[in-house]
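Q: Here's the letter readout for the chains.
Protein chains: 6
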Amino acid sequence: MPEPIVLLVEDEPLVLLVAQDALEAGGYTVLPVQLASEALKVLDTRIAELSGVVTDIRLPGGSDGWAIARHARELKPDLPVVYTTSDGAADWPARGVPNSVVVQKPYAGAQLLTALSTLVTKADTNRTN
Amino acid sequence: MPEPIVLLVEDEPLVLLVAQDALEAGGYTVLPVQLASEALKVLDTRIAELSGVVTDIRLPGGSDGWAIARHARELKPDLPVVYTTSDGAADWPARGVPNSVVVQKPYAGAQLLTALSTLVTKADTNRTN
Amino acid sequence: MPEPIVLLVEDEPLVLLVAQDALEAGGYTVLPVQLASEALKVLDTRIAELSGVVTDIRLPGGSDGWAIARHARELKPDLPVVYTTSDGAADWPARGVPNSVVVQKPYAGAQLLTALSTLVTKADTNRTN
Amino acid sequence: MPEPIVLLVEDEPLVLLVAQDALEAGGYTVLPVQLASEALKVLDTRIAELSGVVTDIRLPGGSDGWAIARHARELKPDLPVVYTTSDGAADWPARGVPNSVVVQKPYAGAQLLTALSTLVTKADTNRTN
Amino acid sequence: MPEPIVLLVEDEPLVLLVAQDALEAGGYTVLPVQLASEALKVLDTRIAELSGVVTDIRLPGGSDGWAIARHARELKPDLPVVYTTSDGAADWPARGVPNSVVVQKPYAGAQLLTALSTLVTKADTNRTN
Amino acid sequence: MPEPIVLLVEDEPLVLLVAQDALEAGGYTVLPVQLASEALKVLDTRIAELSGVVTDIRLPGGSDGWAIARHARELKPDLPVVYTTSDGAADWPARGVPNSVVVQKPYAGAQLLTALSTLVTKADTNRTN
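In order, the protein sequence lines correspond to chains F, W, G, B, E and L.
Residue 1 is where the first sequence starts when you use my numbering, and the numbers rise one by one after that.
Residue 1 is where the second sequence starts when you use my numbering, and the numbers rise one by one after that.
Residue 1 is where the third sequence starts when you use my numbering, and the numbers rise one by one after that.
Residue 1 is where the fourth sequence starts when you use my numbering, and the numbers rise one by one after that.
Residue 1 is where the fifth sequence starts when you use my numbering, and the numbers rise one by one after that.
Residue 1 is where the sixth sequence starts when you use my numbering, and the numbers rise one by one after that.
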């Protein structure tokens with residue numbers, strides 16, 4: 001069985017590592033990127049393969065997690081979105097996309113894995129009707 | 001007991017009437033506006049009084065329901081938002097705000113009232129902690 | 001604005017009246033039927049117009065509420081379904097359809113109206129993506 | 001069809017009136033009481049008939065809404081509970097009962113009716129399994 | 001502490017392996033079967049021990065996942081049910097059981113584990129009242 | 001990245017071990033205690049550091065899981081709470097705190113991890129507004 005693929009956007013290398021390890025241990029293939037600009041490129045070229053996006057909110061590379069998630073949803077309206085953040089997410093009610101969640105740093109790997117997996121199952125179940 | 005106040009944005013006069021009637025019969029005081037520009041003005045001047053926003057998505061007046069809801073949430077992050085639409089809401093997953101709902105036209109007055117009331121109770125309950 | 005149309009299946013005339021009154025007062029147009037066989041006919045001929053089904057579980061006419069709901073969902077997979085019952089609904093976990101609810105008799109008109117309206121809004125909102 | 005019965009606990013006469021009107025208009029029979037001590041008595045003598053409790057948090061009569069709800073749940077574990085309050089409900093996360101909601105005053109009658117009805121349907125649906 | 005037991009129904013040996021590994025790594029004891037007929041036998045003889053069912057929809061052995069889940073719920077009304085599928089689950093709204101979810105193949109092991117665990121906790125929590 | 005810290009209250013040493021292993025494997029740092037009195041002390045001295053509480057209901061040490069959870073919520077109103085129990089949790093509807101869940105023993109480690117992680121994400125997401 002091939003693995004579902006997740007875009008992971010995180011500029012802090014150590015956090016990226018923890019997140020990637022947790023998601024891979026759970027059976028996801030991870031596309032890790034550190035710049036917002038790269039993330040947008042991955043979305044434009046590989047959206048059909050993606051089962052979810054995990055993105056930090058504050059990012060280098062001329063854009064941010066809000067824009068990445070919005071672009072992802074324009075391309076695939078039911079794509080699961082998990083935002084991660086270490087400075088709170090006061091803008092989420094205004095700038096987040098519907099049916100997304102926020103995971104505050106520092107987080108346990110299992111929290112990220114559970115958050116993503118829960119959204120993927122909701123999308124799978126809703127897609128049936 | 002004074003009544004909670006709701007901003008209602010709808011450019012079709014007959015639909016506006018049905019919606020206003022339903023909300024008022026349910027015990028809400030309604031601020032009805034027909035232009036997006038007016039809606040934005042009401043938000044800027046009376047946000048503190050508002051308990052919710054019901055907004056059509058496609059609107060005259062140089063803006064739309066997505067922008068109205070986003071601006072409302074910038075001013076009051078837990079404000080209940082109900083979008084109404086007669087041409088579907090394919091953009092909702094990308095442009096809607098979190099914890100909002102979509103009501104498709106033609107709708108029953110009770111659907112609008114229930115949708116708004118459910119979101120107000122969720123906001124009231126979450127505000128406790 | 002035309003009204004959304006709901007199929008209401010209930011063999012007890014007095015209960016049918018209460019339910020019909022409540023739904024109509026809330027802005028729904030009601031198609032009332034008292035036999036399961038009629039209900040199945042309405043589904044086959046008018047499914048495209050329907051916004052929801054409210055059905056008693058135990059019914060005369062050679063079928064029951066479980067079969068009506070299942071047939072409705074075969075024709076329109078996201079149709080809201082409310083089951084009503086006066087002898088409990090012990091079979092619901094095995095025979096009910098997903099995303100349906102149970103309303104026990106005697107019920108308040110507002111309970112039926114809220115149950116139906118809540119499911120219609122969920123369907124409207126999910127249909128966007 | 002007889003009507004489901006709800007215990008309504010509210011010491012401000014005008015608010016009691018608005019709430020009672022809204023619930024009765026929705027098809028509930030209301031037992032209105034103004035003292036916590038009376039509420040506890042009604043629970044002890046008529047619990048079997050009750051379909052829900054709506055209670056103000058701060059009350060005269062030697063007790064409060066937290067105690068009323070807790071006592072109600074000891075007698076009937078799945079009874080719907082709606083708390084109402086005009087000074088916030090900061091204690092809800094510590095003192096409220098599970099599966100209850102908070103409605104902040106001033107509220108629209110429809111909000112109270114929707115909150116109660118939603119909880120009654122959840123209880124009806126869960127009682128099936 | 002003994003482990004909770006889950007019936008896993010999957011006819012593709014490699015997928016069965018991935019699923020079994022994920023569930024066992026999460027602390028569940030797995031009863032793996034490849035035929036629908038075997039699954040029905042396990043339900044009839046060991047239902048009391050089971051904490052959940054994970055079943056593929058399309059199966060050899062004269063029956064399918066819809067029938068397995070329905071039979072399981074007849075025997076134990078609050079049993080958690082996860083359907084898995086590689087060709088979508090267009091019949092789920094008509095043929096699935098309430099409070100079940102769909103997991104689309106290919107899935108990550110963590111998705112299956114999270115889906116099952118979430119349903120078990122809901123059942124545990126609802127069983128209290 | 002430091003790890004989020006969870007208070008784990010369990011008097012049976014073998015169960016404590018299974019739970020601690022599961023939570024640590026998921027990336028949480030666990031403060032394990034076996035007496036209710038110790039648990040209350042940890043809450044009073046280290047509440048600011050805690051991301052969640054997992055507590056058995058029946059405990060030695062002059063108190064129980066209901067009191068621990070209530071005290072935790074007085075100190076931190078949005079703290080995630082998971083109750084564990086081997087004799088059912090018939091008192092949960094009256095004595096549990098809102099937005100908590102019950103996990104029945106024997107449980108799989110993944111169930112505990114998923115239950116806790118789900119509540120932490122809900123708290124993280126609600127904290128944004």
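Rather than coming from a laboratory, the hints here were simulated on the basis of the structure.
Only a predicted model underlies this, so the values are computations on that prediction, with no experimental measurement involved.
Every residue gets a Cβ at the ideal spot worked out from N, C-alpha and C, and that includes glycine.
Check before you lean on any hint, since a few could be wrong.
Stretches of chain E that chain L covers, calculated by requiring three or more beta carbons in the stretch to come under 8 Å of a beta carbon on chain L [to be verified]:
| no. | segment |
| --- | --- |
| 1 | 98–104 |
| 2 | 109–118 |
Selected chain G positions facing chain E (in silico; Cβ < 10 Å) [unchecked claim]:
| no. | residue |
| --- | --- |
| 3 | TRP92 |
| 4 | ARG95 |
| 5 | VAL97 |
Q: Which earlier hints can't be squared with this structure?
A: Hint 1 contradicted; others consistent.
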